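Once you know that position 286 of the sequence shown is 286 in UniProt numbering, the rest is easy, because the numbers rise by one and skip nothing.
If you're looking for bench data, these hints aren't it; they were derived computationally from the structure. Hints may contain errors.
[Claimed, not checked] Only pairs whose alpha carbons sit at most 25 Å apart, straight line, appear in this in silico SDA-like list of lysine to any residue: (1) K187 / R137; (2) K277 / P346; (3) K181 / D299; (4) K306 / R137; (5) K181 / G296; (6) K245 / E185; (7) K245 / H324; (8) K187 / L246; (9) K187 / G247; (10) K245 / W334; (11) K181 / G109; (12) K123 / F354; (13) K245 / F354.
[Stated by the list, open to error] Restraint ranges, calculated between C-beta atoms of paired labels, are given here: (14) A200 / T255: 24 to 34 Å; (15) E120 / N275: 47 to 57 Å; (16) D371 / Y198: 50 to 60 Å; (17) D228 / G109: 23 to 33 Å; (18) D350 / L96: 17 to 27 Å.
If you're wondering where the values come from, they're calculated on a predicted model, not measured in any experiment. Even glycine gets a Cβ: it sits at the ideal position worked out from N, Cα and C.
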Amino acid sequence: MAALEAVRQSNILAEDWQGEQLPTGAPSNVNITTVREEGLNTDVCVKENGRLDINFRSQKPWLTTLMKHVEQSSPQATESRLEPDNFNEDNLQFPLNLNIVIQVVGSRGDVQPFVALGQELQKHGHRVRLATHLSFRQDVQNMGLEFFNIGGNPEELMAFMVQNPGLLPGIRTIRSGGIQKRRREMKAIFSGCWRSCYEAGDGQAMHHISEHADGGAVDHCARPFVADVIIANPPGFVHLSCAEKLGVPLNMMFTMPWSPTQAFPHPLANIRSQNTKPSVANFASYGVVEVMMWEGLGDLINHFRKKELGLDPLDAIRAPSMVHRLQIPYTYLWSPSLLPKPEDWPSHIDVCGFQFLSTESKYKPTKELDDF
């Protein structure tokens with residue numbers, strides 16, 4: 001088993017994070033992490049904008065062909081998609097009406113595709129609860145979906161992401177103390193995501209009265225709710241823990257690639273490699289990003305698992321790649337014509353296209369424009 005040594009060139013310790021007391025000053029190399037493994041050294045630098053600059057240095061020739069066996073045997077070439085006989089997408093009938101909670105952390109642009117998804121699920125008889133930030137309560141309810149407040153302020157979240165586009169805090173953010181507030185906010189969001197799985201109401205004790213299809217008013221604060229299925233985007237971080245506690249299926253969805261592939265690097269990583277095949281560096285970048293995210297939030301996630309769920313803590317070796325290792329279904333919300341599904345993504349990962357809200361526009365293009 002390869003020995004793994006992480007050398008933190010920093011004066012920021014785990015004890016500082018747990019106590020929410022971060023130093024106001026830091027040396028210039030505070031954001032550099034070096035990971036040394038047999039035959040491979042990796043330097044990870046968190047840039048001022050929060051993105052990761054990753055430098056892979058291979059010291060053994062065999063590492064350059066590490067992914068050769070994957071390239072020779074593509075999972076898509078050996079797997080077939082099974083569909084029932086007489087399949088008719090326009091006439092789908094589901095034997096069960098499920099309680100589905102959709103947990104979304106992010107901006108309005110992150111929430112809107114899931115509103116469209118929720119409306120489609122409702123058409124097939126399912127009860128859909130969209131759990132997101134309070135700012136989107138009215139928008140969600142206006143589209144006919146149940147809302148649940150998970151906490152967090154999307155405006156402050158977006159301001160944080162503008163300063164740190166890579167989701168990981170830059171040094172300026174650490175020095176200013178912004179990361180402390182961000183961690184407290186994530187702790188509240190973790191709790192809100194869990195409550196959205198079982199708690200009646202909208203998370204704010206605000207009554208939402210709507211007309212039921214069979215006639216009469218329905219107060220969603222009075223209706224019990226226990227999730228049969230969880231749909232979530234990655235920035236919520238505790239979706240897998242919630243599904244584990246409830247023993248229900250989990251389906252991940254996102255608008256940018258989050259699953260390891262040789263085709264391209266993680267969207268939050270800038271890759272530089274020495275004596276390492278680009279495909280190997282691309283694939284490894286996903287693990288590096290997840291390890292760095294776990295380093296920042298792992299203690300909060302384990303505290304949440306222990307105190308609120310009564311689950312065992314996760315260790316830093318297995319936790320970052322657990323979603324991929326367990327082959328949790330992943331659905332990506334972009335067009336395969338824009339970015340085709342990579343050949344090394346197995347069958348539990350799918351690219352299904354963009355999700356748009358229906359519009360009531362009466363605009364009709366001219367014949368010339370339509371022909372074009």
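Practice item. Just pull the numbers of the violated hints for me, sorted ascending. Key: Result: hints 4, 10 and 13 break, sorted rising.
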